[in-house]
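Could you build all of it, start to finish, from the sequences and the hints given here?
Quick note, the sequences are listed as chains Y and L, same order. Residue numbering for the first sequence follows our numbering, beginning at 1 and increasing consecutively. Residue numbering for the second sequence follows our numbering, beginning at 1001 and increasing consecutively.
Think of the hints as simulated: they come from the structure by calculation, not from any bench. Everything numeric in this text was worked out from a predicted model, so none of it was measured. Built from N, CA and C at the ideal position, the CB exists for glycine as well. You can take every hint at face value.
Here chain L is said to cover these stretches of chain Y; the calculated rule only asks that three of the stretch's residues, wherever they fall, bring their Cβ under 8 Å from a Cβ of chain L:
{"id": "1", "region": "53–62"}
{"id": "2", "region": "69–82"}
{"id": "3", "region": "89–99"}
{"id": "4", "region": "102–111"}
Listing some non-contacts, in silico: residues in chain L with all C-beta distances to chain Y over 12 Å:
{"id": "5", "residue": "Ser1040"}
{"id": "6", "residue": "Ala1117"}
{"id": "7", "residue": "Asp1128"}
{"id": "8", "residue": "Ala1132"}
{"id": "9", "residue": "Pro1134"}
{"id": "10", "residue": "Phe1159"}
{"id": "11", "residue": "Gln1168"}
{"id": "12", "residue": "Asp1188"}
{"id": "13", "residue": "Ala1189"}
{"id": "14", "residue": "Glu1221"}
{"id": "15", "residue": "Val1234"}
{"id": "16", "residue": "Thr1243"}
Now for the letters of each chain:
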Amino acid sequence: MMKMAVTVRALEVVRGGIPVLRGLDFGVASGEVTGLLGPSGCGKSTLMRTLVGVQRVTSGEVEVLGAPAGAASLRREIGYVSQQPSVYDDLTVTENLRFFARILGVGDERVAECLALVALDGHAHRIVGRLSGGERSRVSLAVALLGEPRLLVLDEPTVGLDPVLRVELWDTFHRLADDGAAVLVSSHVMDEASRCDRLLLMREGRLIADGTPSGLLDRTRAEDIEHAFLSLVRNEEAA
Amino acid sequence: MSALLTPSATGAVATRVLTQLRRDHRTLAMLLVLPCALMSVLWWMFHDLPGEGFSRLGPALLALIPFIIMFLVTSVTTLRERTSGTLERLLAMPMGKLDFLLGYALAFGLVAAVQSALAVGVCVVLLDLSIAGPVWMLMVVAVVDAVLGTALGLFVSAFARTEFQAVQFMPALVIPQILLCGLFVPRDALPRVLDVISEALPLSYAVDAMQRVASSGRTGEVWTDVALVAAYAVAGLALGALTLRRQSD
Ligand SMILES: Nc1ncnc2c1ncn2[C@@H]1O[C@H](COP(=O)(O)OP(=O)(O)OP(=O)(O)O)[C@@H](O)[C@H]1O
Ligand SMILES: [Mg+2]
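Right, dumping it as structure tokens:
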């Protein structure tokens, strides 16, 4: 049986008086790449923040690696890439990674490994603020990989990347999953869906589908995930 | 529970802040040169006047400068850390809140030490400021004073959404302290109410300490003032720790 890294029950989150997550139940398995897809504003980032433990929860249960989300024991176990790159623009790539490595208590040799994983070894000594948007977001990704986390939460890590690099990063995600990590990746680009082992489709704070890409295509008789999503939305509205 | 304080993490934060500062040549130059320039202007102002204007006001200015500068620098840097998401990232990592706060205090305390060493050096060597007490004590006061500015800056950055707002805390929290610290009107000559208020403000003690080192050199009284300023700094850091929330709405 698959080991669940994340179990969410009846999760509700209200932000600024508006219900953003409206009753979610799902799990994220270890050893898989799970895609979180849905239109802009549907609550993907809010959900990811909740799993990482930085978002206040209104009601419901969120269990991560056997502990409630936000527990102190989880701070070493989760790698999180927020949607906007959270790194220091006035430091070099290596200085950024070394700093976070010291906070995590991992050695400097891990810094070079993580730079290679995101294909930034050539930019090690450049100031982050002078990198391109895609390069910057890869620095942020490298920071999340430092601690060899058991759960990786990646909020749109492939935005602004060229197709070659995107394929490479997805390969990296799968390698990390093969090594046993649970990888949750959000995207609003539906064509990335086929690269996931499992998909969570979200709309307006609710999950409208949870399954394998092929299972979803079969069920909706659609030719791609984009059409599957549209047909699920139509069914929901008709119901 | 993660440890409240890990020396390696505190050190990492301090080193990082200093590296960021080192990258910013213009800020660094201003931090080190401006206090010396301001002291020189003060000396020049009183040069042709009778009386001891420079000796009276110089020590007070030496207390004001590190406090004001570190307050501003810290509130803007931490605000930037909040808006860029790096603070949230750090709080999601095994980093104690105290590591963050003390890292900043350490880094800016160190900058203040260098800054005031230069300013005091200029005053004593070039501008003939007479100091009755030990000169190094001026620097101790300056460093404690800078840490106080840093602590307050960390605290108020939690209440600012933008850099504009952060800078507005300067007239709100700093200028009243400058007005009431005894620089313009001796504190015991202030109206009763203002005198009581001035006794509750940390900068009053910082200025007192500087003036005591300069005029009498009675170090016992200076240490009492320094201890009071330090107590305010610790309280400021504690309040700052309360504003660092691992979860937000
Ligand atoms: N700080 C906040 N305070 C109040 N409401 C917020 C806040 N941040 C986001 N929201 C609201 O929560 C909802 C979900 O936002 P969220 O960022 O989770 O969406 P998303 O699916 O990640 O969108 P995108 O694909 O554009 O990143 C939106 O309606 C947004 O307006
Ligand atoms: Mg988002």
